[in-house]
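**Q** Just need the whole structure built from these sequences, with the hints factored in.
Number of protein chains: 2
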Amino acid sequence: MDTYQHILLAADFSEHGRLVAQKAASLAKLHQARLSIIHIVDNLTIIDSTYGPVIPFETDLNEQLIQASQQRLKSFSETLSIPEERQFLEMGNAKLEIVATAEENQVDLIIVGSHGRHGFSALLGSTASGILNHAQCDVLAVRLKGD
Amino acid sequence: MDTYQHILLAADFSEHGRLVAQKAASLAKLHQARLSIIHIVDNLTIIDSTYGPVIPFETDLNEQLIQASQQRLKSFSETLSIPEERQFLEMGNAKLEIVATAEENQVDLIIVGSHGRHGFSALLGSTASGILNHAQCDVLAVRLKGD
Numbered sequence: 015m016d017t018y019q020h021i022l023l024a025a026d027f028s029e030h031g032r033l034v035a036q037k038a039a040s041l042a043k044l045h046q047a048r049l050s051i052i053h054i055v056d057n058l059t060i061i062d063s064t065y066g067p068v069i070p071f072e073t074d075l076n077e078q079l080i081q082a083s084q085q086r087l088k089s090f091s092e093t094l095s096i097p098e099e100r101q102f103l104e105m106g107n108a109k110l111e112i113v114a115t116a117e118e119n120q121v122d123l124i125i126v127g128s129h130g131r132h133g134f135s136a137l138l139g140s141t142a143s144g145i146l147n148h149a150q151c152d153v154l155a156v157r158l159k160g161d
Numbered sequence: 015m016d017t018y019q020h021i022l023l024a025a026d027f028s029e030h031g032r033l034v035a036q037k038a039a040s041l042a043k044l045h046q047a048r049l050s051i052i053h054i055v056d057n058l059t060i061i062d063s064t065y066g067p068v069i070p071f072e073t074d075l076n077e078q079l080i081q082a083s084q085q086r087l088k089s090f091s092e093t094l095s096i097p098e099e100r101q102f103l104e105m106g107n108a109k110l111e112i113v114a115t116a117e118e119n120q121v122d123l124i125i126v127g128s129h130g131r132h133g134f135s136a137l138l139g140s141t142a143s144g145i146l147n148h149a150q151c152d153v154l155a156v157r158l159k160g161d
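Those protein sequences? They're chains B and Z, same order as listed. For the first sequence, our numbering assigns the number 15 to the initial residue and increments by one for each residue that follows. For the second sequence, our numbering assigns the number 15 to the initial residue and increments by one for each residue that follows.
Hints were generated in silico from the structure; no laboratory data involved. If a hint is listed, it holds; no wrong ones were tucked in.
In this list, chains with the same sequence are indistinguishable; a pair is considered to hold if it fits within one copy or across any two.
DSSO-like cross-link-like pairs, simulated, lysine-lysine; straight-line CA separation at most 30 Å:
(1) K37 <-> K159
(2) K43 <-> K88
(3) K159 <-> K88
(4) K159 <-> K43
Fair warning: this is a prediction, and the values are worked out from it, not measured in the lab.
**A** Listed below in structure tokens is the structure:
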């Protein structure tokens, strides 16, 4: 039977993200698959009203952001019983980092939350589409309700 | 446990499409879900070198195309043990017809084949993305290899 061996959950820590995570955990159990988790930290840029986006000199800010995200990823992963070696924290373009991590770790299913096209959620929708178009493995887009 | 109750397979009858169908059948079994199938027939238009796309006067052509597709859908569905009342043949825009049929039938997972962004397959990739962006339920994009 076709089942998945290694599932990668693209996680955010929102309330919606928790629902996606619960579904990922259920599916991993049903498929008897390993479950890994990835969270992407955006590069920290500051928008200056004159010069537009600038990289801050204060790189400590980036380090603080990474440390805070690492901590959240760790506690989030614990609720899903995902061991440390299967927790991935990356910086940069979400779509590219998720696809690359999936390939490096022989993931056969990426699970990502998906919003509709309207308003605030268009950005997240486009991440899901981008993953779908670039991934070398299957992609499950979990539709978030009330959107 | 989160499982799917009603899965809709967006089918084409290519060799790739058969692999997607096998995966859909396996997943339906694993989830103990009902499996439905939909195939979309493009509206038949003829490209005239002077006038561009025109709707043919000979509407019999459309009817013949529909009948042939109906026959293929029926025999394809039989290999998957999908009963007639869960076989859907629609004409028109693939993305919209698939999403509408899913909603009308309380589908909670659409399964669709997905190609990469390059060359011939960009069209199919964009159908998968379109479904993902418009569906009110989860969408599994099954990546076709060697693409």
